Amino acid sequence: MTLLTVYCIAITIGAYAVSRAIGRRYPSPLTVPVFLSTPLVMLVLWGTHIDLSGYSQAKSIMTYLLGPATVALAVPLYRHRHVLIKDALPFCVGLVSGTFSTMIAAIGCAKLLGLSPELQAALSIKSVTAPIAIALAPKIDADPTLTAGFVIITGLVGSMFGPWLLTRMRITRAEARGEALGTISHGQGTAEALHEGDLTGAASSIAMGSAAVLTSLIAIPLVRLVV
Amino acid sequence: MPRPADVALLALQVLGLVALNIAGEYLASWMHLPLPGNLVGMLILLALLLTRVVRIEWFAASAAIFTRHLAFFFVPIAVGLMAYGTLLRTEGAAILATLIASAIVGIMVTGGTVSRLLRSHPPEGS
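Protein chains in written order, with full-length UniProt numbering: chain A, 1 to 227; chain B, 1 to 126.
Same shape as in the complex, but just chain B (with noise of 0.2 Å):
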């Protein structure tokens, strides 16, 4: 079981990645962002990681909670996927070739692109 006071921890670090993601929220419809609040969250702490204000420690544990169990937060999105059963047995098979086309294309094109560029570049520990 965990300790009362690591819980107490873990609580106050995401109310923490709450108020930066509102704080994101307001920040990107003030100054009219074309960017997702939650977008200007990330970027603001990533900014505060950089200049130290806030150290690394003050949130490694409740992102790890969070990376980890990133796929938790999909089901009930995916559960909403039940309202559009028509449309996906209409165009589904359109909807899944163009997916993987895609795919395949940026994934050959990324891949392709970094390992000619880094041809110059010495491989780590050589």
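Okay, chain A solo, but in the shape it has when bound (with noise of 0.2 Å):
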């Protein structure tokens, strides 16, 4: 490991750091760690004269990780199967028809855009948590950064719009709101659920389980029947 991936680490853990503190004092959808943290990462490296190609290591090295942190998601699936077990058939066929909505809805609005294959393909995995839309990726020739970039802002659409819509939409159970935000929404999603309820909560954390297991076993035939 050279001073320079050390180096280019300890800004991003910094700036992490300093966003975290400020999105504390002021919550609000602009001062989400991510996106307070990457301009200012951007700045300090333009400012230091370092390109993407000397910041490039210490990303693999800091994305490495994300492998070990997507396991640690079995932990609360497995504190919340109760609700999973509770109403077993109403969740699967809300995962199952939301997920596939979902995948649908991207590929053909990309396609009336008139957006690339690879755009398709990536937008369409977009509701996945991160660290496995990043794996996923390249199995179905999306590129993992751009797929990532459309997970975080799906995050944020969802958990900025998602609790209004559904309140628009009468939906007053707590475990059809938590699957809706953590199908579609992840884990910005399940951050929102939690401030909703504990049972909205473990829905929504054990949809965005589910989720990414369903997606990512139909992402490939889809991709390569619709793309």
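Check before you lean on any hint, since a few could be wrong.
To be verified - Short, incomplete list of chain B residues facing chain A, as computed with Cβ under 7 Å: (1) N38; (2) A61; (3) A63; (4) G92.
Note that these hints are calculated values from the structure, not bench results.
Keep in mind the model is a prediction, meaning the values are calculated, not measured.
Quick reminder that beta carbons are idealized off the backbone N, C-alpha and C, glycines included.
Can you join these two chains into the complex? Each is in its own frame, and there are hints to help.
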């Protein structure tokens, strides 16, 4: 590991810590850590004359840890398994219809707007939690970095407008709200669902994990078929 | 300040998660699974928890830290988006429209389906 790599990791941790402190003080969708830290890191890199190739080793070390972070998702999945067991049928039907509809809507909309097949593929898996989307992307010829960007934007959209949309539709049951947020906007949606209550958060985190498994299973054949 | 014993325990837990991740990668490529290796690692840990081979306390602390700071790992990836400036300038509006439309469709379908199917199931605690 070179000194440059250590420096790049240090500024990333620093930017994250600063962003988190600001986000806690002024909670708003605009002070989400990723939203705030990213330009901060870019600014420091630019100011100290480091380009993206200098940052790449640090980037691969930090993203490697997304692997164990994904494995750790088994813990909330196990802890909240009762939510799934109690209402297994509605849960599964909701998961399958929600996952299929958002993937088809993404591919259809991207086709309509004339986006390339690579972008259509990347957009189709944007509802999957980022570490799994990044690992899944090469299997459907999508760019992992772009896919991760789409995942983060989807998380922002879902967590900003999802609860409002569900309320407008008069959907009040915690299980339904949580499952919708977790299926479509993964971790960021789950964070929002946890604000609404324990049951909503539990439904959301189990939906996030299950949606990742389902999307991984259907993405390859679906993309091959329609993209 | 955290105690050294806690830090050592946490390091051990993370090493366990890394080992499970590597095991997942191997299993996925060896059995030609269409699933990402890290997801297979997650399913292995879930199976170990369900069969009570592994107790949840063994991974609770590290899982809590990874979940709380998951956003950190997205920062270097988002920095990497710098390389896609041109693409995002030309196709950004179409991409954003697609992301917003498909998120709305997905939330409405999931929420609507589950809430309709749950009508015959009484809410918890009643």
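Now for the hints, and whether the structure bears them out:
1. N38: holds (4 Å)
2. A61: violated (10 Å)
3. A63: It holds, given that the least Cβ distance between B/A63 and chain A is near 4 Å, below 7 Å.
4. G92: violated (10 Å)
In the structure shown, a violation is registered for the earlier hints numbered 2 and 4, in ascending order.
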